[in-house]
Amino acid sequence: MVAALTCDADSPVRSDLVPATLPLGEIVARLNELRPPLLSGYASMLARLASEARAGRLRITPAQVSSTSETLLPEMRSAIREAFGVPVFDGFGSTEGLVGKTGPDDDVLVFNTDMCIVELVDANNQPVAAGTPSARVLVTNLYNLVQPLIRYELTDTFIRQPGAAEHGYLRARVRGRNDDVLHYDTVDVHPIAIRSVMVKTPGVIDYQVRQTRCGIDLYAVTTDAHELDGLADRLRQALADGGLHRPAVTVRPVERLDRHPVSGKLRRFIPLTTT
Numbered sequence: 024m025v026a027a028l029t030c031d032a033d034s035p036v037r038s039d040l041v042p043a044t045l046p047l048g049e050i051v052a053r054l055n056e057l058r059p060p061l062l063s064g065y066a067s068m069l070a071r072l073a074s075e076a077r078a079g080r081l082r083i084t085p086a087q088v089s090s091t092s093e094t095l096l097p098e099m100r101s102a103i104r105e106a107f108g109v110p111v112f113d114g115f116g117s118t119e120g121l122v123g124k125t126g127p128d129d130d131v132l133v134f135n136t137d138m139c140i141v142e143l144v145d146a147n148n149q150p151v152a153a154g155t156p157s158a159r160v161l162v163t164n165l166y167n168l169v170q171p172l173i174r175y176e177l178t179d180t181f182i183r184q185p186g187a188a189e190h191g192y193l194r195a196r197v198r199g200r201n202d203d204v205l206h207y208d209t210v211d212v213h214p215i216a217i218r219s220v221m222v223k224t225p226g227v228i229d230y231q232v233r234q235t236r237c238g239i240d241l242y243a244v245t246t247d248a249h250e251l252d253g254l255a256d257r258l259r260q261a262l263a264d265g266g267l268h269r270p271a272v273t274v275r276p277v278e279r280l281d282r283h284p285v286s287g288k289l290r291r292f293i294p295l296t297t298t
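Residue numbers for the sequence shown follow the working numbering, beginning at 24 and rising by one.
Just to be clear, a hint being listed does not mean it is correct.
[Said to hold, decoys possible] Pairwise CB distance ranges (calculated):
1) R200 <-> S101: 20 to 30 angstroms
2) R37 <-> G154: 37 to 47 angstroms
3) A263 <-> E98: 16 to 26 angstroms
Keep in mind that the hints were calculated from the coordinates and are not lab data. A virtual CB, placed ideally from N, CA and C, is assigned to each residue, including glycine.
Produce the complete structure using the sequences and hints provided.
This is how it looks when you write it as structure tokens:
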């Protein structure tokens with residue numbers, strides 16, 4: 024989903040929702056028509072729109088861009104910031120009531136821990152120290168009178184950051200979901216092994232990884248298919264370095280990636296058990 028916040032004589036602020044499931048050309052045309060001063064959307068879609076802006080097809084000048092619902096990778100933030108020339112904000116939201124927001128061009132989220140009790144724990148539900156990635160997050164929300172939650176488990180990985188002097192809210196970086204980890208017979212491969220290769224492949228605008236029995240299939244959106252030369256070999260080496268024996272890797276150029284048919288979200292890493 025892309026939300027374009029606009030103002031007119033009839034309404035001081037109006038939010039126009041543009042489904043992320045539409046063809047990219049239609050999304051660009053709609054945004055060119057709306058010319059929103061504020062642009063918000065999924066990180067993967069904002070990265071695609073940044074590419075369209077650099078190519079001159081998207082002609083909007085938002086004063087602020089906000090990402091939500093998907094992990095905003097550092098390379099995405101840089102591309103969006105460069106394309107639109109304005110601060111990029113990131114947000115975290117959950118139906119369980121936990122909400123967080125960053126400052127401009129920051130990657131540390133501040134969470135509404137006045138509404139929720141939040142515990143960052145390891146695989147044994149023991150608290151983790153600041154700077155240590157959590158295995159899961161436990162949320163207690165008693166403000167939800169219809170269905171109060173006590174230690175409800177979220178599979179996102181949080182890394183607690185030092186507190187701020189001006190407030191006592193939880194500050195944390197979010198590194199994605201633990202269920203994105205690819206599990207093989209004898210080894211687990213964290214998505215960062217693949218991302219470390221993709222961040223060095225600037226010609227790839229967006230990508231999706233599907234786990235196979237002994238490797239991965241990677242689908243890439245690129246402006247030039249030659250940018251994919253050698254990518255399979257680099258990914259194969261990264262997986263081997265991670266402990267996967269003789270990994271099989273295929274790279275396929277595509278024009279668009281599969282998104283959830285209802286929400287429009289992109290799941291970047293698809294484990295074998297969900298295919």
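Looking back at the hints listed earlier, which ones does the structure fail to meet? none
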